[in-house]
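Sequences are here, hints too, so could you generate the full structure?
Quick note, the working numbering runs 245 ahead of the 1-based positions in the sequence shown.
Just so you know, the hints here were simulated from the structure itself, not pulled from any lab data.
Quick caveat: nothing in here was measured; it's all calculated off a predicted structure.
A few of these clues could be false.
[Unchecked claim] Derived lysine to aspartate or glutamate pairs resembling EDC-like cross-links, with alpha carbons at most 16 Å apart: (1) Lys299 - Glu315; (2) Lys278 - Glu315; (3) Lys323 - Glu531; (4) Lys381 - Glu315.
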Amino acid sequence: MNPKTILTCAVTGADDTAFKYPAVPVTPEEIAKACIDAANAGAAIVHIHVRDPKTGKPSMALDLYTEVVERIRASASKVIINLTTGPGARFDPVDDGTPAHGAGSNLRSPQERVRHILALKPEICSLDMGTLNFGKVTLVNVPRHIEAMAQDIIAAGVKPELEVFDTGHMALAKHLSEKGMFGPKPLFQAVLGVPWGAPATAETMALFKTLMPSGAQWAAFGIGRHEFPMLAQAVVLGGHVRVGLEDNLYLSRGVKAPSNAALVERAVKLVELIGSQIASPDEAREILGLG
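As C-alpha cells, this is what we get:
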C-alpha cells in the first residue's frame, strides 16, 4: 500500500448522461466548477471531457476545452489537469456490407484527437492503448495511431496516462514503454467493468498489477456499482484511484450522487479508512514526476 494515494475525479465523460442526471456538468463553466469543487474535496487530478452546451452531447471543440482549462487555471486551485484524447475513435459500422460509417461514428485523425493537447498543454492527458468493443460500437485505436498521438503528446511536454481496458492493451503499452515512447516513470490506468472490456473483479485487478512494468506508477477504477469496491482493491494493491460522474452516477444503491465532490468525499474517507492518505496536487506531481 502506498503511503499517499493519488485521487483523480473524472467529472463528466462522454456518455449520454447529461440532462438525464442534473448533477452531470455540461457547460464549460459547470465543468470547470465541478473540477474546482472536486479538488477542494480532495482530488489531486481532474479528468476532463467537454460537451456541447446546447445538446449535452460529447464535443471535440477546442474553444470549449480552452474555456474549461482557462477557468481552472484562473482559479486558486492547484489541481492537475488531465484532458481526454479518447474522442475520435468511435466506429459504428453499417450493416449492409458497405464501408460506410453509421451515425454513431466520430472517427478522426490522430492529429485531430490531440489538437487540444498541443494547444493547451495540460500536465496529463489520457491515451487509450487499444481497440475495444464498447457497448454497441467499437473504439478503434490502432498501434500506428497510438504511436503518432504519443509522439505529439510527449513533444508537447505532456505526460500520457496509458488507458488499458484489457490485457492486450497492457501488452502493447508495455511494448511501447520498453521502446522509450512514454518517457521515464510511465503512468498506467486500468479501466475495469466497461462492456466489453476486462471485468471489474479483484482477480482482474491483481492480474493487471502483475503485468505492470517494474517502477511504473499505476491507477485503476471500476465502472458503475464497481467504483468503490475497485477503489478499495486498488489502494490495497498499491495503486492510485479514480471516481467521478463519468464512471458512476450513484453514491450507493438507489442514491444518486449530488455532485462529483460528493463522490470524491466518499473516496477520501474510504482511502483513509483503508490506511493510506490522499496526495495533494503537489505531492501527486512529485510522485508522477511532473514538471
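Going through the hints against the structure:
1. Lys299 - Glu315: violated (21 Å)
2. Lys278 - Glu315: holds (12 Å)
3. Lys323 - Glu531: The hint holds at about 13 Å.
4. Lys381 - Glu315: violated (35 Å)
In summary, the numbered hints that this structure violates are 1 and 4.
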